[in-house]
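Q: What follows is the residue order along each chain.
2 protein chains.
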Amino acid sequence: MFQTKDPRTELSSLGEFGLIKHIRQHVLLNNESSVCGIGDDAAVIKYAEGKQTVVSTDLLIEGVHFDLTYCPLKHLGYKAVSVNVSDLFAMNASPKQILVSIAVSNRFSLEAIEELYAGMLLACKRYNVDIVGGDTSSSRSGMVISITAIGEADKNDIVYRSGAKPTNLLCVSGDLGAAYLGLQLLEREKKIFLENPNIQPDMEGQDYLLERQLKPEARKDIIKHLREAGVKPTAMIDVSDGLASEVLHLCTESNVGCRLYENKIPIDPAAMQRAQEFNLNPTMCALSGGEDYELLFTVDLKDHEKIKQVKDVTVIGHMTENTEGANLVLTGTEMLTPLTAQGWDALLKKM
Amino acid sequence: MFQTKDPRTELSSLGEFGLIKHIRQHVLLNNESSVCGIGDDAAVIKYAEGKQTVVSTDLLIEGVHFDLTYCPLKHLGYKAVSVNVSDLFAMNASPKQILVSIAVSNRFSLEAIEELYAGMLLACKRYNVDIVGGDTSSSRSGMVISITAIGEADKNDIVYRSGAKPTNLLCVSGDLGAAYLGLQLLEREKKIFLENPNIQPDMEGQDYLLERQLKPEARKDIIKHLREAGVKPTAMIDVSDGLASEVLHLCTESNVGCRLYENKIPIDPAAMQRAQEFNLNPTMCALSGGEDYELLFTVDLKDHEKIKQVKDVTVIGHMTENTEGANLVLTGTEMLTPLTAQGWDALLKKM
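Listed in order, the protein sequences are those of chains G and V.
Here the numbering used here is used: the first sequence runs in plain steps of one and ends on residue 351.
Here the numbering used here is used: the second sequence runs in plain steps of one and ends on residue 351.
Looking at chain G on its own, in the form it has when it is part of the complex (with noise of 0.2 Å):
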């Protein structure tokens, strides 16, 4: 996207000013509600009367939260957009703007930040957002992505985490876990890497797997669906920390509980057949794994047959009141287990 003659721009031959510079010529504005991007001291933002603004950050760490020895720069772009917009889709709200701020050291030279941008921009096309501002700061080892998104929604549209009520269906899009087995799998080959670079690594027919972890999808489509299908979830987050963590989020903001049935979590073949060779258990993986960047919804109880005919949603269980708590039921035995939020870090001890 960016044309550039030399093959390594020292970012120091621009410094801040002209690397932002650099930036902005490429970035335009196609929102209406963009009044003013990069170039000021802030943006500025419209949005038709009657809208509420929703916004959400995150901030992402080279060395936590991702690793470039497996990670390409134009992926690392377009996810770090995908999982800021997935929040706003989460409260069932269209984002509309981002604001984008890095930090680098001197190993990263202009094409590299290009490669970032170029990424991000892609993403920005995809989810149909502008890049309205930011902030770029030296940084003194490793990079540092921090991004904002704004967008805009119908105070009636909006989907908070606290609405879900008792006998609401709990829902999920897509499939869960794949991502977690991604990553495992590029752990596992920078591993071999390190040991003997001569080793060419092993990744065929793990296509699935590896872009459910490089390049996440937020889910627009589904909130597209659900609205041509008139339904408006009650209670709504995105699954980034893995399954059980965010059932339970719904579950203490909406001050209910819940049964999720674990033979209706859906997980796609490869990541069950990955699982397995890795010794994994397939449902700790969709339960604690993460980055998913699926929907997870409940629905008032009337909406069954609604939700039935939505592509790629799954009912996987249903709210109780509060006292009967969070509970998985387990396949066959049927017996209840209390549900558990580890996140990724303590699955990787535990398993």
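Please keep in mind that the hints were generated in silico from the structure rather than gathered at the bench.
A portion of the hints provided could be inaccurate.
Pairs count within a copy or across copies, as identical chains cannot be separated in the list.
[As the list claims (entries may be wrong)] Dumping the calculated EDC-like pairs for lysine to aspartate or glutamate here, alpha-carbon to alpha-carbon at most 20 Å:
| # | residue 1 | residue 2 |
| --- | --- | --- |
| 1 | LYS308 | GLU321 |
| 2 | LYS46 | ASP157 |
| 3 | LYS215 | GLU262 |
| 4 | LYS51 | GLU32 |
| 5 | LYS232 | ASP300 |
| 6 | LYS155 | GLU49 |
| 7 | LYS224 | ASP300 |
| 8 | LYS306 | GLU211 |
| 9 | LYS51 | ASP154 |
| 10 | LYS232 | GLU334 |
| 11 | LYS232 | ASP154 |
| 12 | LYS302 | GLU187 |
| 13 | LYS46 | GLU32 |
| 14 | LYS51 | ASP300 |
| 15 | LYS51 | GLU334 |
| 16 | LYS165 | ASP221 |
| 17 | LYS232 | ASP312 |
| 18 | LYS306 | GLU321 |
| 19 | LYS74 | GLU111 |
| 20 | LYS306 | ASP207 |
| 21 | LYS232 | GLU16 |
| 22 | LYS224 | GLU16 |
| 23 | LYS125 | GLU253 |
| 24 | LYS21 | GLU253 |
| 25 | LYS232 | ASP157 |
| 26 | LYS46 | ASP154 |
Keep in mind it's a predicted model, so treat the numbers as computed, not measured.
Chain V: place on chain G using the hints.
A: Just chain V now, with coordinates in the frame of chain G:
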């Protein structure tokens, strides 16, 4: 402000959700426009009909923007908010909400994070803004703070950098260069301390310079005074990178030139004296020092009488045709010299 019993509580004992929960308890929403704050996928904001949304973001990196050996965490929190809302005042907008993201390593305790938030909340109170969201992360080395400020303004009130016209008066609030000299003072004492930890720092009588560096104020008061005086600036920017750099931004964005009079630049006597003691040129400290967070703006010539009445504002020059360039009129000689933006990095090397 936060009540904890243990003098050092490890963040690992809370986890990310525990930390968010802890922070959330201490963050209250005061603005009517803050519909939903911390605790959902995104914050929800509702400004009055007809208002535009103004948004700005800053990234602060330990070792680049702040040095915790001499910057207390409470001051850092206060400063992080001040510098961010300053950008909104520079648009003639009213900040209402902020999002705060932090990344910290395990060398920070919960008490340290509380100190940081105590400072931020103090600034929030002063500027009447609510913390409505953010992100928390671990960091592999230093602390990272990312703040996004969101505010509102009437469309006709917003002041861009691009509105300056030839013959407009160039004005600045407060005084310049003191924050830079405060930094030099702290750096000197740090160096002495590292060489001999038994020597007590010699900061007597330097309160003003230290406060300008460690606890800068955004000039909300100037915005108010200008409004009361019936003066709307034609262009405005805040002085974060030094007067020269900001004047050049106004000239570039407005496509005008300017004459800045050296003898009009407001410099506090304490800064003047300290510059001499450090063998620095006080004008250079004002031009390239930065971090003053004063407002630099242009007003129509017809507002000359009105602006003279506004407290703590100095007319330092006027705008010209673009072809005349941006020049500094040197004291005594009346010679013109082209303004150049060096920033404080260059300043340290040159002086």
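Q: So, for every hint listed, does it hold in this structure?
A: How the hints compare with the structure:
For a Cα distance limit of 20 Å, the shortest separation of LYS308 from GLU321 qualifies neither inside one copy, at 24 Å, nor across copies, at 67 Å. Taking the closest pair of Cα atoms, LYS46 and ASP157 come within 20 Å of each other both inside a single copy (19 Å) and across two copies (14 Å). When the C-alpha separation of LYS215 and GLU262 is checked against a cutoff of 20 Å, the pair qualifies neither within a copy, at 27 Å, nor between copies, at 54 Å. Taking the closest pair of Cα atoms, LYS51 and GLU32 come within 20 Å of each other both inside a single copy (14 Å) and across two copies (15 Å).
In this assembly of identical chains, LYS232 and ASP300 lie within 20 Å of each other by CA distance solely inside one copy; the values are 9 Å within and 53 Å between copies. Taking identical chains as interchangeable, the C-alpha atoms of LYS155 and GLU49 lie at most 20 Å apart whether they share a chain (11 Å) or sit on different chains (13 Å). Only within a single protomer do LYS224 and ASP300 lie at most 20 Å apart by alpha-carbon distance; the minimum there is 18 Å, versus 50 Å between protomers. Taking the shortest Cα distances, LYS306 and GLU211 never come within 20 Å of each other, neither inside one copy (30 Å) nor across copies (62 Å).
For the homomeric pair LYS51 and ASP154, the shortest alpha-carbon distances inside one copy (5 Å) and between copies (16 Å) are both at most 20 Å. When the C-alpha separation of LYS232 and GLU334 is checked against a cutoff of 20 Å, the pair qualifies neither within a copy, at 31 Å, nor between copies, at 70 Å. With identical chains, the CA atoms of LYS232 and ASP154 are at most 20 Å apart within one copy only, with a shortest distance of 13 Å there and 33 Å across copies. When the C-alpha separation of LYS302 and GLU187 is checked against a cutoff of 20 Å, the pair qualifies neither within a copy, at 45 Å, nor between copies, at 67 Å.
For the homomeric pair LYS46 and GLU32, the shortest alpha-carbon distances inside one copy (8 Å) and between copies (19 Å) are both at most 20 Å. In this assembly of identical chains, the alpha carbons of LYS51 and ASP300 never lie at most 20 Å apart, being 25 Å within a copy and 36 Å across copies at closest. In this assembly of identical chains, LYS51 and GLU334 lie within 20 Å of each other by CA distance neither inside one copy nor across copies; the values are 46 Å within and 55 Å between. Taking identical chains as interchangeable, the C-alpha atoms of LYS165 and ASP221 are never at most 20 Å apart, the minima being 25 Å within one chain and 48 Å between chains.
Proximity of LYS232 to ASP312 under the C-alpha cut-off of 20 Å is restricted to the intra-copy arrangement: shortest distance 16 Å within a copy versus 54 Å between copies. For the homomeric pair LYS306 and GLU321, neither the shortest alpha-carbon distance inside one copy (24 Å) nor that between copies (66 Å) is at most 20 Å. Taking the closest pair of Cα atoms, LYS74 and GLU111 come within 20 Å of each other only inside a single copy of the chain (11 Å); across copies the shortest separation is 38 Å, beyond that limit. Proximity of LYS306 to ASP207 under the C-alpha cut-off of 20 Å is found in neither arrangement, the shortest distances being 33 Å within a copy and 68 Å between copies.
Proximity of LYS232 and GLU16 under a CA criterion of 20 Å is satisfied in neither setting, with 45 Å inside one chain copy and 30 Å between copies. With identical chains, the CA atoms of LYS224 and GLU16 are never at most 20 Å apart, being 40 Å at best within one copy and 32 Å at best between copies. For the homomeric pair LYS125 and GLU253, neither the shortest alpha-carbon distance inside one copy (33 Å) nor that between copies (27 Å) is at most 20 Å. When the C-alpha separation of LYS21 and GLU253 is checked against a cutoff of 20 Å, the pair qualifies only between copies, where the shortest distance is 12 Å, while the shortest distance within a copy is 44 Å.
Only within a single protomer do LYS232 and ASP157 lie at most 20 Å apart by alpha-carbon distance; the minimum there is 8 Å, versus 38 Å between protomers. In this assembly of identical chains, the alpha carbons of LYS46 and ASP154 lie at most 20 Å apart whether taken from the same copy (14 Å) or from different copies (10 Å).
Hint compliance for this structure: hints 1, 3, 8, 10, 12, 14, 15, 16, 18, 20, 21, 22 and 23 are broken, all remaining hints hold.
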